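**Student:** Since the structure of chain P is provided, determine the placement of chain C on it from the hints.
Protein chains: 2
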Amino acid sequence: MAADSSPRVWLYDTTLRDGAQREGIAFSIEDKIEIAHKLDALGIPFIEGGWPGANPKDVQFFWQLREEPLQQAEIVAFCSTRRPHKVAADDPMLQAILAAGTRWVTLFGKTWDLHVTEGLKTTLDENLAMIRDSIQYLRSQGRHVLYDAEHGFDGYKANPEYALQTLRAAQDAGADWLVLCDTNGGTLPQDIARIVREIVAELGRDLTAQIGIHAHNDSGTAVANSLAAVLEGAAMVQGTINGYGERCGNVDLCSVLPNLQIKLGYDCLPSDRLALLSTTSRAIAEIANLAPDDHAPFVGQSAFAHKGGIHVSAVERNPLTYEHVPPEAIGNQRRIVISEQAGISNIVAKARSFGIQLDKKDPACREILQTLKDLEHRGYQFEVADASFELLVRAALERRPERFQLMGFQVHCDMLRDEKTLLSDAIATIKVAVDGEHILESAEGNGPVSALDEALRKALVKFYPEIASFHLTDYKVRILDSTVGTEAVTRVLVESSDGARRWTTIGVSPNILSASYQAVVDGIEYGLLLQSSARSAASVG
Amino acid sequence: MAADSSPRVWLYDTTLRDGAQREGIAFSIEDKIEIAHKLDALGIPFIEGGWPGANPKDVQFFWQLREEPLQQAEIVAFCSTRRPHKVAADDPMLQAILAAGTRWVTLFGKTWDLHVTEGLKTTLDENLAMIRDSIQYLRSQGRHVLYDAEHGFDGYKANPEYALQTLRAAQDAGADWLVLCDTNGGTLPQDIARIVREIVAELGRDLTAQIGIHAHNDSGTAVANSLAAVLEGAAMVQGTINGYGERCGNVDLCSVLPNLQIKLGYDCLPSDRLALLSTTSRAIAEIANLAPDDHAPFVGQSAFAHKGGIHVSAVERNPLTYEHVPPEAIGNQRRIVISEQAGISNIVAKARSFGIQLDKKDPACREILQTLKDLEHRGYQFEVADASFELLVRAALERRPERFQLMGFQVHCDMLRDEKTLLSDAIATIKVAVDGEHILESAEGNGPVSALDEALRKALVKFYPEIASFHLTDYKVRILDSTVGTEAVTRVLVESSDGARRWTTIGVSPNILSASYQAVVDGIEYGLLLQSSARSAASVG
Chain P
25 MAADSSPRVW LYDTTLRDGA QREGIAFSIE DKIEIAHKLD ALGIPFIEGG WPGANPKDVQ
85 FFWQLREEPL QQAEIVAFCS TRRPHKVAAD DPMLQAILAA GTRWVTLFGK TWDLHVTEGL
145 KTTLDENLAM IRDSIQYLRS QGRHVLYDAE HGFDGYKANP EYALQTLRAA QDAGADWLVL
205 CDTNGGTLPQ DIARIVREIV AELGRDLTAQ IGIHAHNDSG TAVANSLAAV LEGAAMVQGT
265 INGYGERCGN VDLCSVLPNL QIKLGYDCLP SDRLALLSTT SRAIAEIANL APDDHAPFVG
325 QSAFAHKGGI HVSAVERNPL TYEHVPPEAI GNQRRIVISE QAGISNIVAK ARSFGIQLDK
385 KDPACREILQ TLKDLEHRGY QFEVADASFE LLVRAALERR PERFQLMGFQ VHCDMLRDEK
445 TLLSDAIATI KVAVDGEHIL ESAEGNGPVS ALDEALRKAL VKFYPEIASF HLTDYKVRIL
505 DSTVGTEAVT RVLVESSDGA RRWTTIGVSP NILSASYQAV VDGIEYGLLL QSSARSAASV
565 G
Chain C
25 MAADSSPRVW LYDTTLRDGA QREGIAFSIE DKIEIAHKLD ALGIPFIEGG WPGANPKDVQ
85 FFWQLREEPL QQAEIVAFCS TRRPHKVAAD DPMLQAILAA GTRWVTLFGK TWDLHVTEGL
145 KTTLDENLAM IRDSIQYLRS QGRHVLYDAE HGFDGYKANP EYALQTLRAA QDAGADWLVL
205 CDTNGGTLPQ DIARIVREIV AELGRDLTAQ IGIHAHNDSG TAVANSLAAV LEGAAMVQGT
265 INGYGERCGN VDLCSVLPNL QIKLGYDCLP SDRLALLSTT SRAIAEIANL APDDHAPFVG
325 QSAFAHKGGI HVSAVERNPL TYEHVPPEAI GNQRRIVISE QAGISNIVAK ARSFGIQLDK
385 KDPACREILQ TLKDLEHRGY QFEVADASFE LLVRAALERR PERFQLMGFQ VHCDMLRDEK
445 TLLSDAIATI KVAVDGEHIL ESAEGNGPVS ALDEALRKAL VKFYPEIASF HLTDYKVRIL
505 DSTVGTEAVT RVLVESSDGA RRWTTIGVSP NILSASYQAV VDGIEYGLLL QSSARSAASV
565 G
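Chains P and C, in that order, give the protein sequences. Quick note, in my numbering, the first sequence goes up one by one and the last residue is 565. Quick note, in my numbering, the second sequence goes up one by one and the last residue is 565.
Bound conformation, chain P alone:
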């Protein structure tokens, strides 16, 4: 953690504005408010909330946020400069940003002469006036202004003199920050470093505003670009959680932050907050309804996963050997991965992680390894289904109680055209044996899988009442081998929850219902296992 005397770098999150430009993201107002509060809890000092002039939903966001104000972060509204040859006070965009009622606003303007003449179709002088007037007006209305120099780097490369004029205009008009944007994401770190250095030198003693960097990842160097700018004196990094953003994304704050704070000793967050980073990253992925990137630096589920046998045994002896930072520092954890390449020592380490002590020489180890390899060959993938793997280990050790046996099921789905709508209906009938007793139950559902899940739970709940709290939270299906012309099999992953915890189970079969059934059953069994171990832990306590 950074000491009190460490230089400060201000983080500025734009997940809610630039991040929302990513294909596949469509935040509701409630999503945005939830994200803003998570960023606030993480300790991000500036949170860009949206562009109220361009997006009516964003107007409502700023209003609604006043009802649930942030603890410490500044919420920032975003806006472009006034239109050419208009009066700033009459510009509807600038009115909208004032109506958002934030203390801080970010105004973006053109730095690149090409964009002034080709994009705005106005003169270079008029663009300077637009920057100056807009900032002066916002200042006169009591706002602090961050100035985002769009295409700051490309503009400087094309016409450094003009680019500097735009920055001077912004500073002279009262901007607190001059943020250089690599809008097209094409600049490489050595050029970022040189340009920041030259701009700081050129603005020289007159430089009263602070410099910031806003990087995009089109060259795959956004993290390095941001660090390069900081090392040359930039004191703000703008980015997004998980690197969400248009095209290849904005710079990922989840990578920048630990690099700055742990490795380079900058002060970015209050010292107790960095450990919230991994959960914040995953929670925001969930709100965005995107699968988290398991391979993301620092915060990904696989960032500290060890698969190869050599790595696993070395890292268990001394984490320094194969880990660049302690996973706990960012709230992540080491993970031993089970896969086809696993050796006995991975199996032992993995079993230990769920509380089973195995001896390397126990023949069960080899049996588990063989079963694992056979199943993976058939399309199972236990790396993503920890709960099913634990059940497999327990079965091999004869520590998996057989709670019920499936005798059979039938699922019937109907769809009928009635006037213009299609009416649909799914009914499952299942027969299971519990303690020698045969139970037959039927249930309806939103489709064959949910009907089957309902029927199974209905049949079991009187024996295992805790099942009532379980529900399916995600269901993913993938066809395997469809490209190689062999018979396709279906792999189903089911995520279940008991309200407090989540776990993932797997099923594989040529038949989607059969694969789903396996995963659903594993999900219920694992839930019962969790509850019984919670109970025995409580009774010990």
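What the hints contain is simulated information worked out from the structure, not anything from laboratory work. Among the hints, erroneous ones may be present.
Chain copies aren't distinguished; within one or between two, either way the pair holds.
As the list claims (entries may be wrong) - Simulated pairs of lysine-lysine, DSSO-like, Cα-Cα distance not exceeding 30 Å: (1) LYS110 - LYS384; (2) LYS397 - LYS181; (3) LYS397 - LYS81; (4) LYS385 - LYS482; (5) LYS110 - LYS385; (6) LYS384 - LYS455.
Note that this is a predicted model, so its numbers are computed, not measured.
**Tutor:** Only chain C this time, still in chain P's reference frame:
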């Protein structure tokens, strides 16, 4: 493209060895051979095929590859140094690498004193002997040797003198290349640059081998690290396609390559090959059975996608305004994205991309935009289902022929326990109307969706015989809104193919079968549309 006089950087691909360490990858031998040929076609000069001493599958790979030899690439076998206090010629690992029969071998050894004493549990001197003996032995057997200095950077940081000794030992024994590995991925670009510079200076005039870099992405800076090393004189970059690799992955050659060749003017590939990069990236993702990263720099589907209204109109006038390199240079393409944030101009641009000229003022534009927003609100996502979007536009313009109407369907699935196995069965019965004629058909399938697909195609094929060539190539299911407690809907994406082309369609419904049906129907309709436009193009030509 690089001119003949450009400095050369040699690319070394390790997708088949280090890349295969990624969680979720399990290549078959056939997969590996197919990938090796794709890398060869791309023009990669060195392809690491595997570690024959550690993995029996890899032994077979090298043998099998001799039957289908590469055109120009060197295939390389990978291996560790001999064991402590053994004779190199007796080491089974070294025998295995010789048996692979490659001209080039990569030998990795320890650079970091900590790993020698803690990992190998031997002395620093013995480690030097292990490096020297192993390389000398391989050279005596006629092999060219690349030496991978494991933990090259961390080792140098911890004990620069010893790290240099290991490198000198490798060079003196006859290694052609000294490749510095950032094994834990924790080093930042400025440190990479400094250390490469110091090592080159320290080895000084004695430096006869060439220097290479092998970066991992744990800090999110692997691309910048590789470029930094090249700028300090490294002439080889080791990495993987799509950045596959353990934890956060190896450096992504798909990012490094265009940066080196287009931006920095290095000569990496024959000049006509760079345009194969995007298809190579996607083909290897497909072989690995991983979804391609749409947001990957340069090669991702979204790397040149424009969503915001301002960007779209500007980029259409002058691509330079918002594109850092021409997408065609790496075989990618510009894409106009349709989404909730779309404006009329996006709709017009998108329609143009599939050959429909729309006028901005046409009231159909506004109608399409409204439909789009309504459907996306209900969970559709047309960004990932271009074919369904095209059908939607055609429907609005009354250019979507109604080829059939669904009257209803029933699907019945049975599963029965017979001895130890579960027998399963799915039958669908469907009724459709074509040109006023009612057709009733039943079919079996591997599950309810495939039964439904079969029955529908059976019903339609006598009217549209081209349907016989269509088949489902992928099927993905996702439950939406499961986290927020509202009624969950199911989103189904279906990828169809006619053998030559692929297209993706979407369906959304609370009922998975109904969502699947929509996507399957769109898939068939779009296939028919493609075939009829191919026919009319052929008759014009």
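**Student:** Confirm or reject each hint.
**Tutor:** Hint-by-hint comparison with the structure:
1. Taking CA atoms no more than 30 Å apart as the test, LYS110 paired with LYS384 passes between copies only; the shortest distance there is 26 Å, against 78 Å inside one copy.
2. When the C-alpha separation of LYS397 and LYS181 is checked against a cutoff of 30 Å, the pair qualifies neither within a copy, at 55 Å, nor between copies, at 40 Å.
3. For a Cα distance limit of 30 Å, the shortest separation of LYS397 from LYS81 across copies, 13 Å, qualifies, whereas the shortest one inside one copy, 51 Å, does not.
4. In the homo-oligomer, the alpha carbons of LYS385 and LYS482 never lie at most 30 Å apart, since the shortest distance is 43 Å inside one protomer and 57 Å across protomers.
5. Only between protomers do LYS110 and LYS385 lie at most 30 Å apart by alpha-carbon distance; the minimum there is 27 Å, versus 81 Å within a single protomer.
6. Proximity of LYS384 to LYS455 under the C-alpha cut-off of 30 Å is found in neither arrangement, the shortest distances being 40 Å within a copy and 60 Å between copies.
Of the numbered hints listed earlier, those contradicted by the structure are 2, 4 and 6.
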